[in-house]
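2 protein chains.
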Amino acid sequence: MAVEGPVGEFLRRHIGAAEAWPMEPAAPLSPCRLSAEDLEALAAVVGSAHVDIEEPTRLAATGGASYLDWVRHRAGDRSDAPDAVVRPSTDDEVVRVLRIAEERGIVVVPHGGGTSVVGGLRETRPHVALVLDRLGLLLNVDEVSHLAVVGPAATGPRLEPLLAARGLTLGHIPQSWARASIGGYVATRSAGQASTGYGRIDDMVEAMTVATPRGLLHLGRGPSSAAGPDLRSLFIGSEGTLGVITDVTLRVRPLPSERRYEAVVFPSFAAGVAAFRAIAQGRVTADVMRLSDEAETRTSLALSGPKGAAAAALGRYLRARGVDVGQSALAILGWEGTDGAYVVDRRRATWRILKDHGAVALGRRAGESWRRGRLDGPFLRDALMDAGYLVETLETACDWRGYLDLHENLTRAISDALETSAGQPYVMSHLSHVYETGASLYTTIIAAADRGDPQGQWLGAKEAAMQSIVSAQATVTHHHGVGRDHAPWLADEWGVLGVDAISAVKSVLDPAGVLNPGVLLPDTAP
Amino acid sequence: MAVEGPVGEFLRRHIGAAEAWPMEPAAPLSPCRLSAEDLEALAAVVGSAHVDIEEPTRLAATGGASYLDWVRHRAGDRSDAPDAVVRPSTDDEVVRVLRIAEERGIVVVPHGGGTSVVGGLRETRPHVALVLDRLGLLLNVDEVSHLAVVGPAATGPRLEPLLAARGLTLGHIPQSWARASIGGYVATRSAGQASTGYGRIDDMVEAMTVATPRGLLHLGRGPSSAAGPDLRSLFIGSEGTLGVITDVTLRVRPLPSERRYEAVVFPSFAAGVAAFRAIAQGRVTADVMRLSDEAETRTSLALSGPKGAAAAALGRYLRARGVDVGQSALAILGWEGTDGAYVVDRRRATWRILKDHGAVALGRRAGESWRRGRLDGPFLRDALMDAGYLVETLETACDWRGYLDLHENLTRAISDALETSAGQPYVMSHLSHVYETGASLYTTIIAAADRGDPQGQWLGAKEAAMQSIVSAQATVTHHHGVGRDHAPWLADEWGVLGVDAISAVKSVLDPAGVLNPGVLLPDTAP
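Protein chains in written order, with the working numbering: chain A, 1 to 526; chain B, 1001 to 1526.
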């Protein structure tokens, strides 16, 4: 199926034509590979109604949203479906389920929204999916301390309206928002699009309960502590390998009454990076700060910018202010708060810095339009794959000093790896999480899919990208997590001793190695 | 020796007289208990000039600044002096020293500034003090990323002038500033007096090197990551039990060109707490926010407030604004930055909230006077003990919802424990670290010392205080750390599984258990 309109035109112009890629119907699932005794033992804990081996339930608990997952699913391959879906109703039941799994050597994969893009959900051995939606959604709100106790049934769309009814918000909006669970955010150390102002999920967790085969851990006392190493940090980002998060106590904020988003154009990506650095280091950050490189800016303007005479007018407007539209870098800035005057003050302080770096205002309409469309990315991917394109993203973070070099080297490494005689890939990036010492780098890659070996095509590009990231001493992942896809690079970042240290924790809490084996840590499953 | 002037008058009026407490000369140290072979093996790594068993060197590496330590030292007891002081010059030498310690079963106590107030330095078995001052002070500065690589020789007074020469500052100012090492800040999860604006030391660490008997760990890539659990968090707060921190890469900030400190008075501690909460939750925080309860306010006014006719005028000024000086709560607020207009904006936004809570301005002079005197506390303690008084502090943090109850119950528990027929203790507190969900509580206790059993007197009060803290689900320590004194309460905060998890890490990195045994974790020394 060809892509129509400006997107289709953009693809044909920059990448070339591709051949429609049909979605095969899912092959029938293999019968449940767990024994009758296994199923009975699990049912004795949660009730037989909550140990489900029916195909629709198993398919609904099959996840994974990376290109590799989508290629497999597109071919009808559902070998990563669980053999059974188990739904306990209390954290004690979770512990008992895990003990049975330990005794019987059953692999357990906690399943939240199924949105992992790094192979966090790609288990093909016999396994159960642990679905925790019976443990509750919003368990408690402390309106004095601004704390919400949230259960595993919570996703953004379910939680935010309940918080909004009390004038509160979590403010965590990653692209997986539509489906991802709040527990999944914590397990994968997620960062949302407003993380510059609202913080990463790590910054929001005050307390948590973790179920392990050895029992429950209740971690976190008060807003901050010096009581030894921060134990919560062991489980934030543990990706279901050290325990199962059964509730989290999260810092919430007043629902902003004032909200101002606007678009800005810089004469170059480098100028924008310099401005964002100065803003972060001057501690006058906006809540949302996002800067596209030249390639992503060209895409944005081609797909959703003005057309025809209006485009020419925009070009003249920018040129008069020293910006060549073809080399420009588009930025979105957003400020939110409950004190309107202070939102204005913060914006004014930010603009004092923006002006020093040649920024030109594009106004609020473009900013609001980004805010409304910011969660559409994942849905566009499906359409692009239908049309025969490889489409994938990867991300990292590094210090400001190496930022532009990393951007250049990473872009080149991916382009070189995917270039063929048939055509060029399109590689575009943005900076969307700003820190005083550095920033994230998020790259989107589109290329005509190699239909003979789509996995091999992508793995080659990914390998090249990771080499470039690791050799720059950048992190192997800023917010996607490790899963299976980044696990081979983790020893580079942690060192062997670091891997040994976390493995030692696993050996105490999950000695049989049944929790998400092969994710994050070396596989020690039976 | 009697205390003169306003302090003496205050003590006699509120606590009663006490009997001068002479400082006994230190008893001669016992001869070094390490074998000649031990010393030779260590000298083979670091050179014989850097394995020192002379008494002055050993005494200089004897630390501890809690009341229990001071009582012991006042009696001339130096049984906690190390048997030798070992000074390696590289991180590889540190690893080799630790391996020798492991092989030979020698207990190792890393020694920074010696300022632990929680029994972090109270080893009486044969042991070496590891002094790392040869590993360097300021190893590198990345002025683009605002990162400084700092070695173990760094203390605040040594580091800040070097940073200031480049227009930068760390901004971490705990009361131990004069002596504490930067590595010690990290090892104990320290928080400085400006932590509301500058963050805790945990927030400043981007990367670190840790030496263990198994080798070196190089942790931290870029400003932020989702590469599994944050491994740095395992070592921040590990108090020398999991490894020895040999360098840290810290976020630094531009030296503020604008600085405004001022004093404010609230009609009550409760009104001040409500204001501080609203400021934190409105995200318009000052960089320094400190609020004294009524008892601490009375002390501050008696010791450094106006006297005579000026005091009466202050009383009239406050009364006209609805504040009874005897029930008032004094606060210090400080804003710093490089953009003068934005400092003014932030102050104005803070004042909009302050006014809603009945705050009355006392002006900049009182604020600046606090800033200049803020590190004097530890020096006053010596004079009070000379005069025969028990003087000690303790601290915790909890959520806003339970804050005033904890303050009341903790104050009462300590007062009841220390009350005798001979007199009343003086118990006063302040809030000095503000978070959106809660705050710290720091309590100072002064009482006539029980000279027959000074340790028992304090331990009784401490036990009562900790019961009150633990039963409120507050943290056992907000910034003093665990050491030996809080270790018995750690299982309550972490749970047995939490202790097992960290002990598992220790068993991998320090299997012989020679690193700071008995601190933080259960003692597993040979």
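Keep in mind that the hints were calculated from the coordinates and are not lab data.
What you are looking at is a predicted structure, and each value in this text was computed from that prediction instead of being measured.
A few of these clues could be false.
[Unchecked claim] Once the Cα atoms are required to be at most 20 Å apart in a straight line, the calculated EDC-like pairs of lysine to aspartate or glutamate come out as:
(1) A:LYS355 / A:ASP339
(2) B:LYS1307 / B:GLU1294
(3) B:LYS1355 / A:ASP339
(4) A:LYS355 / B:ASP1324
(5) B:LYS1307 / B:ASP1324
(6) A:LYS462 / A:ASP500
[Said to hold, decoys possible] Quick look at which bits of chain A chain B covers, simulated, 3 or more residues with Cβ under 8 Å:
(7) 162–176
(8) 225–231
(9) 338–346
(10) 389–398
(11) 469–481
Cβ coordinates follow ideal geometry from the N, Cα and C atoms, glycine included.
Verification of the supplied hints:
1. Among the hinted pairs, LYS355 (chain A) with ASP339 (chain A) is inconsistent with the structure: their alpha-carbon atoms are about 24 Å apart, more than 20 Å.
2. Taking the CA atoms of LYS1307 (chain B) and GLU1294 (chain B), the gap is near 18 Å; set against the 20 Å cutoff, the hint holds.
3. This hinted pair checks out: LYS1355 (chain B) and ASP339 (chain A) have alpha carbons roughly 15 Å apart, not beyond 20 Å.
4. For the proposed pair LYS355 (chain A) and ASP1324 (chain B), the alpha carbon gap of about 49 Å is over 20 Å, so the pair is violated.
5. Restraint check: the Cα-Cα separation between LYS1307 (chain B) and ASP1324 (chain B) comes to about 17 Å, which is no more than 20 Å; the hinted pair holds.
6. Straight-line distance between C-alpha atoms of LYS462 (chain A) and ASP500 (chain A) comes to about 26 Å, which puts the hinted pair past the 20 Å bound.
7. A stretch counts as covered by a chain when three or more of its residues have a beta carbon under 8 Å from one of that chain; for the region 162–176 of chain A and chain B the count is 0, and the coverage is violated.
8. Using a Cβ-Cβ cut-off of 8 Å, 7 residues of the region 225–231 of chain A lie near chain B, which meets the minimum of three, so the contact claim holds.
9. Counting residues of the region 338–346 of chain A whose beta carbon lies closer than 8 Å to any beta carbon of chain B gives 6, which reaches the threshold of three, so the coverage claim holds.
10. With 3 residues bearing a CB less than 8 Å from a CB of chain B, the region 389–398 of chain A meets the requirement of three and the coverage assertion stands.
11. With 9 residues having a Cβ less than 8 Å from any Cβ of chain B, the region 469–481 of chain A passes the three-residue criterion, so the hint holds.
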